[in-house]
Amino acid sequence: MKFTVERAILLKALAHVQSVVERRNTIPILANVLLSAGDGILKLTATDMEIAVVEEVPGVQVARPGRTTAPAATLYEIVRKLPDGAKVELDHAGGDAALKLRAGRFNTDLSVLPVEDFPSMTEGKLPHGFSLPAGQLRELVDRTRFAISTEETRYYLNGIYLHATESDGVQVLRAVATDGHRLARVEEPLPDGAAGIPGVIIPRKTVNELRKLAEETQDEIAIRLSDTKIRFDIGAVQLTSKLIDGTFPEYERVIPRGNDKVLRVSKKEFAEAVGRVAAISSERSRPVKLSLDRNHLLLSASSAEQGQAQEELDGEVVQYDSSPLEIGFQARYLNDITDQITESVEFRFADGSAPTVVTDAAKPEALYVLMPMRV
Amino acid sequence: MPALCRDCFREVPEARAACPACGSRRLVRHAELFSLTVAHIDCDAFYASIEKRDRPELLALPVIVGGGKRGVVAAACYIARTRGVRSAMPMFKALRLCPDAVVIKPDMAKYAAAARQIRGLMEGLTPLVQPLSIDEAVLDLRGTAALHRAPPAAVLARFARAVEREVGVTVSIGLAANRLMAKLAAERDKPRGFAVIGAGEAPAWLAPQPVTLLPGVGPALARKLEAAGFTRLGQLAALTPIEAARRFGEDGPGLAARARGEDSRPVNPERETKSISAETTFDRDLAAIPDLEAPLWRMCEKLARRLREKELAAAGVVLKLKTAGFALRTRNARLPSPTRLPETLFAAARPLLLREADGTPFRLIGIGAQPLAPATGADRGDLADPEAPRRAARWQAVEALRARFGEAAVVQGRGLKPRA
Numbered sequence: 001m002k003f004t005v006e007r008a009i010l011l012k013a014l015a016h017v018q019s020v021v022e023r024r025n026t027i028p029i030l031a032n033v034l035l036s037a038g039d040g041i042l043k044l045t046a047t048d049m050e051i052a053v054v055e056e057v058p059g060v061q062v063a064r065p066g067r068t069t070a071p072a073a074t075l076y077e078i079v080r081k082l083p084d085g086a087k088v089e090l091d092h093a094g095g096d097a098a099l100k101l102r103a104g105r106f107n108t109d110l111s112v113l114p115v116e117d118f119p120s121m122t123e124g125k126l127p128h129g130f131s132l133p134a135g136q137l138r139e140l141v142d143r144t145r146f147a148i149s150t151e152e153t154r155y156y157l158n159g160i161y162l163h164a165t166e167s168d169g170v171q172v173l174r175a176v177a178t179d180g181h182r183l184a185r186v187e188e189p190l191p192d193g194a195a196g197i198p199g200v201i202i203p204r205k206t207v208n209e210l211r212k213l214a215e216e217t218q219d220e221i222a223i224r225l226s227d228t229k230i231r232f233d234i235g236a237v238q239l240t241s242k243l244i245d246g247t248f249p250e251y252e253r254v255i256p257r258g259n260d261k262v263l264r265v266s267k268k269e270f271a272e273a274v275g276r277v278a279a280i281s282s283e284r285s286r287p288v289k290l291s292l293d294r295n296h297l298l299l300s301a302s303s304a305e306q307g308q309a310q311e312e313l314d315g316e317v318v319q320y321d322s323s324p325l326e327i328g329f330q331a332r333y334l335n336d337i338t339d340q341i342t343e344s345v346e347f348r349f350a351d352g353s354a355p356t357v358v359t360d361a362a363k364p365e366a367l368y369v370l371m372p373m374r375v
Numbered sequence: 001m002p003a004l005c006r007d008c009f010r011e012v013p014e015a016r017a018a019c020p021a022c023g024s025r026r027l028v029r030h031a032e033l034f035s036l037t038v039a040h041i042d043c044d045a046f047y048a049s050i051e052k053r054d055r056p057e058l059l060a061l062p063v064i065v066g067g068g069k070r071g072v073v074a075a076a077c078y079i080a081r082t083r084g085v086r087s088a089m090p091m092f093k094a095l096r097l098c099p100d101a102v103v104i105k106p107d108m109a110k111y112a113a114a115a116r117q118i119r120g121l122m123e124g125l126t127p128l129v130q131p132l133s134i135d136e137a138v139l140d141l142r143g144t145a146a147l148h149r150a151p152p153a154a155v156l157a158r159f160a161r162a163v164e165r166e167v168g169v170t171v172s173i174g175l176a177a178n179r180l181m182a183k184l185a186a187e188r189d190k191p192r193g194f195a196v197i198g199a200g201e202a203p204a205w206l207a208p209q210p211v212t213l214l215p216g217v218g219p220a221l222a223r224k225l226e227a228a229g230f231t232r233l234g235q236l237a238a239l240t241p242i243e244a245a246r247r248f249g250e251d252g253p254g255l256a257a258r259a260r261g262e263d264s265r266p267v268n269p270e271r272e273t274k275s276i277s278a279e280t281t282f283d284r285d286l287a288a289i290p291d292l293e294a295p296l297w298r299m300c301e302k303l304a305r306r307l308r309e310k311e312l313a314a315a316g317v318v319l320k321l322k323t324a325g326f327a328l329r330t331r332n333a334r335l336p337s338p339t340r341l342p343e344t345l346f347a348a349a350r351p352l353l354l355r356e357a358d359g360t361p362f363r364l365i366g367i368g369a370q371p372l373a374p375a376t377g378a379d380r381g382d383l384a385d386p387e388a389p390r391r392a393a394r395w396q397a398v399e400a401l402r403a404r405f406g407e408a409a410v411v412q413g414r415g416l417k418p419r420a
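Protein chains in written order, with full-length UniProt numbering: chain B, 1 to 375; chain Z, 1 to 420.
Because the hints were derived from the structure by calculation, they are not lab data. The structure displayed is predicted, hence computed values, not measured ones. A portion of the hints provided could be inaccurate.
Stated by the list, open to error - Sample of chain B residues facing chain Z (criterion: CB under 10 Å; computed from the structure):
| hint | residue |
| --- | --- |
| 1 | S149 |
| 2 | E151 |
| 3 | E152 |
| 4 | T153 |
| 5 | R154 |
| 6 | R182 |
| 7 | F248 |
| 8 | E250 |
| 9 | V254 |
| 10 | I255 |
| 11 | L313 |
As the list claims (entries may be wrong) - Far from chain Z by the CB rule (all over 10 Å, computed), these chain B residues:
| hint | residue |
| --- | --- |
| 12 | E22 |
| 13 | M49 |
| 14 | R64 |
| 15 | L110 |
| 16 | P127 |
| 17 | Q136 |
| 18 | D179 |
| 19 | E215 |
| 20 | S266 |
| 21 | S344 |
| 22 | M371 |
Built from N, CA and C at the ideal position, the CB exists for glycine as well.
Please construct the entire structure, taking both the sequences and the accompanying hints into account.
What follows is the structure in structure tokens.
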């Protein structure tokens with residue numbers, strides 16, 4: 001195998017694929033990227049056995065087609081440090097010979113591992129397919145992924161639950177994530193072809209890789225899935241992942257319907273006040289107390305060692321008409337949600353100890369549920 | 001040197017080999033005899049002694065108390081011990097050493113009743129009684145001399161006699177200046193012993209002893225110490241705290257202090273429960289997952305019951321497995337929120353079991369609650385588990401039925417043995 005490619009093109013493709021490679025690997029071949037050159041195209045593949053990323057790079061001058069595998073992180077590091085505009089030549093004589101990389105007066109020999117050892121992730125049949133604009137997919141991910149759990153016992157919470165359902169008589173594609181303390185539920189209009197999809201749990205790592213790849217594009221992203229695998233086509237990159245084999249909880253039951261104490265507060269002022277008040281707290285959970293009265297919100301936090309802090313919001317930025325209420329939340333949980341809200345946050349409370357519903361007053365398609373904590 | 005008669009509790013004048021009042025030769029003599037206050041009391045071969053008490057025909061025979069074909073020795077009488085039988089030894093090994101032993105299945109209710117009786121007698125001596133196990137306790141008799149009109153040594157000798165008369169078993173007593181030395185003293189003179197180690201002589205007494213004498217120095221630590229050239233306690237005792245920390249990490253200074261006989265732990269009657277667990281040894285080795293799941297479920301139910309009795313909850317679980325080759329495997333999992341329900345314990349332990357059940361034959365499975373959490377706040381459920389309160393109610397109903405109609409009134413299918 002021998003080909004020449006522009007440094008910037010190779011770097012971008014390597015950046016895409018090498019991030020799925022686990023930094024600490026017990027299986028040496030999984031640290032490698034598979035390079036296949038042929039017919040003007042270079043194909044790069046990396047996998048951790050759960051996720052596989054394949055990217056096709058056109059415009060490569062292939063002198064001799066062939067395939068080999070080389071250490072992904074090292075190759076990426078080297079290419080990253082080459083000067084901008086450099087032409088990179090990769091030359092592999094075959095067999096156990098080293099992979100020679102030349103760029104200008106720089107050259108290196110990289111040790112390779114046999115192509116036959118590189119695991120191929122078989123997709124099997126992916127009977128369902130639809131596509132989503134990249135922007136919609138980003139919103140589904142951004143507004144839910146902060147709530148993904150990291151706990152091992154309830155492994156079925158370690159991802160985003162994606163499924164088709166009906167919301168107020170409208171067909172929607174819905175993403176849900178929860179760690180038990182907060183829940184995020186976001187929906188988009190149901191795309192063609194998604195009506196019959198099985199509900200699937202997409203693992204956290206896949207979600208994060210997908211989000212990185214979806215950053216650079218405005219195009220449609222094609223999605224194909226079965227009940228065990230999912231594949232995303234993002235431009236020239238193909239991301240295939242196993243799904244979490246488990247049952248997502250019946251989340252609808254925990255979304256309160258009758259919460260009637262409504263607070264509307266300006267996002268900017270509220271989020272900043274939460275951050276300032278919580279700074280006093282020395283506990284890891286940084287509890288913040290919300291004390292509500294007619295059109296008046298007092299945020300407070302205290303710590304036995306460091307003292308206490310409070311901030312009042314009223315008049316222009318707070319609307320509240322119900323009976324006085326006191327309730328506490330973790331500061332980080334509040335901020336994770338307000339980060340997803342543009343202008344006005346709407347809270348719906350039942351009382352000081354029941355789950356609270358939070359929405360973006362301007363965007364009803366995203367809904368959050370937050371468990372209060374004792375303060 | 002002050003001395004005391006262990007049979008009539010009188011002070012014996014110096015240089016007498018027998019008690020002038022009752023003629024007994026069971027004297028205890030020590031320079032600090034009447035000033036030491038910390039006592040470690042250990043019942044001699046407790047379960048076996050109770051069985052012999054109830055069946056006098058067994059008195060001259062080796063008796064082993066232990067469970068089943070595959071269980072371990074819970075207690076061995078002193079006759080069995082002369083053949084090499086020890087507690088916690090697998091039963092097959094014990095029977096190989098002592099084939100004529102009379103093996104008795106443990107009757108925990110009977111032993112607990114005797115233990116309560118002994119505990120009652122202890123509490124008559126001092127409020128500072130800290131039970132360490134069913135047959136072991138440490139007492140601090142500081143400041144009780146005026147009440148009893150006798151020094152602690154005499155009070156303890158009287159107590160030993162009372163246990164023999166009222167309960168029918170013997171105890172061994174260690175009297176010293178702190179808990180560590182009292183325990184070592186109790187071990188020194190068994191059975192029916194009364195040993196004293198004074199504060200002044202502790203370091204000299206410990207110095208020539210092997211490091212393994214110290215409680216907490218097991219085979220692994222002993223190997224580590226030996227590799228560093230430490231085999232006798234005197235060598236450890238000579239280390240300054242800084243040297244000890246450098247050589248053996250943060251536990252080093254404490255180890256060196258204990259090697260000098262220092263121990264500042266008070267006798268605390270309200271000992272905190274640190275962990276609660278339940279385990280079972282199988283009649284035959286098990287390897288298949290369904291075969292292991294059934295006893296795991298039963299142990300989860302047992303653990304749930306024990307948690308309820310102690311008003312505690314599990315914030316995490318420990319799965320314990322012992323292979324047919326006696327290798328111990330323990331695996332931990334943290335729970336998202338505390339629980340007292342067998343289903344939630346099982347759900348947390350099952351993935352741990354699945355990872356270990358690789359075809360290895362096991363002889364024992366157990367589950368423990370660790371760390372423990374207060375019962376309030378357990379099984380409230382959260383956004384990902386709205387069913388928890390209902391599960392809690394269901395389990396309570398099952399337990400209520402069992403309390404009324406017996407253990408077998410309600411049995412969950414997964415607790416049943418799979419068909420062979």
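Against the structure, the hints come out as follows:
Interface hint status for S149/B: upheld, as the beta-carbon distance to the closest one in chain Z is roughly 7 Å, under 10 Å. Among the interface hints, the one on E151/B holds; its C-beta lies about 5 Å from the nearest C-beta in chain Z, closer than the 10 Å criterion. Against a cut-off of 10 Å between C-beta atoms, the interface hint on E152/B holds, since the closest Cβ of chain Z lies about 7 Å away. Restraint check, T153/B versus chain Z: the minimum CB separation of about 5 Å is within 10 Å; hint holds.
Interface hint status for R154/B: upheld, as the beta-carbon distance to the closest one in chain Z is roughly 6 Å, under 10 Å. Because the closest C-beta pair between R182/B and chain Z is about 7 Å apart, less than 10 Å, the hint holds. Because the smallest distance between the Cβ of F248/B and any Cβ of chain Z comes to about 9 Å, under 10 Å, the interface hint for this residue holds. Nearest Cβ of chain Z to the Cβ of E250/B: about 7 Å, under the 10 Å cut. The hint holds.
For the restraint placing V254/B at the interface with chain Z, the shortest Cβ-Cβ distance is roughly 5 Å, inside the 10 Å limit, so the hint holds. Among the interface hints, the one on I255/B holds; its C-beta lies about 9 Å from the nearest C-beta in chain Z, closer than the 10 Å criterion. For the restraint placing L313/B at the interface with chain Z, the shortest Cβ-Cβ distance is roughly 27 Å, beyond the 10 Å limit, so the hint is violated. With 10 Å as the threshold on Cβ separation, the claim that E22/B sits away from chain Z holds: the shortest Cβ distance comes to roughly 19 Å.
For M49/B, the requirement that its beta carbon stay farther than 10 Å from each beta carbon of chain Z is met, with the minimum near 17 Å. At roughly 46 Å, the least C-beta separation between R64/B and chain Z is larger than 10 Å, which holds for a residue marked as non-interface. Interface exclusion of L110/B from chain Z stands, the closest Cβ pair being 36 Å apart, more than 10 Å. No beta-carbon of chain Z comes within 10 Å of the beta-carbon of P127/B; the shortest separation is about 29 Å.
A cut-off of 10 Å between C-beta atoms confirms that Q136/B is not in contact with chain Z; the least separation is 25 Å. With 10 Å as the threshold on Cβ separation, the claim that D179/B sits away from chain Z is violated: the shortest Cβ distance comes to roughly 7 Å. Distance check on E215/B: its Cβ is at least 29 Å (rounded) from any Cβ of chain Z, clearing the 10 Å threshold; non-interface status holds. The Cβ of S266/B sits about 27 Å from the closest Cβ of chain Z, beyond the 10 Å cut-off, so the non-interface label holds.
Here S344/B stays apart from chain Z, with its beta-carbon at least about 24 Å from theirs, past the 10 Å limit. For M371/B, the shortest C-beta to C-beta distance to chain Z comes to about 6 Å, within the 10 Å cut-off, and the non-interface label is violated.
Taken one by one, the earlier hints fail for this structure at numbers 11, 18 and 22, listed in ascending order.
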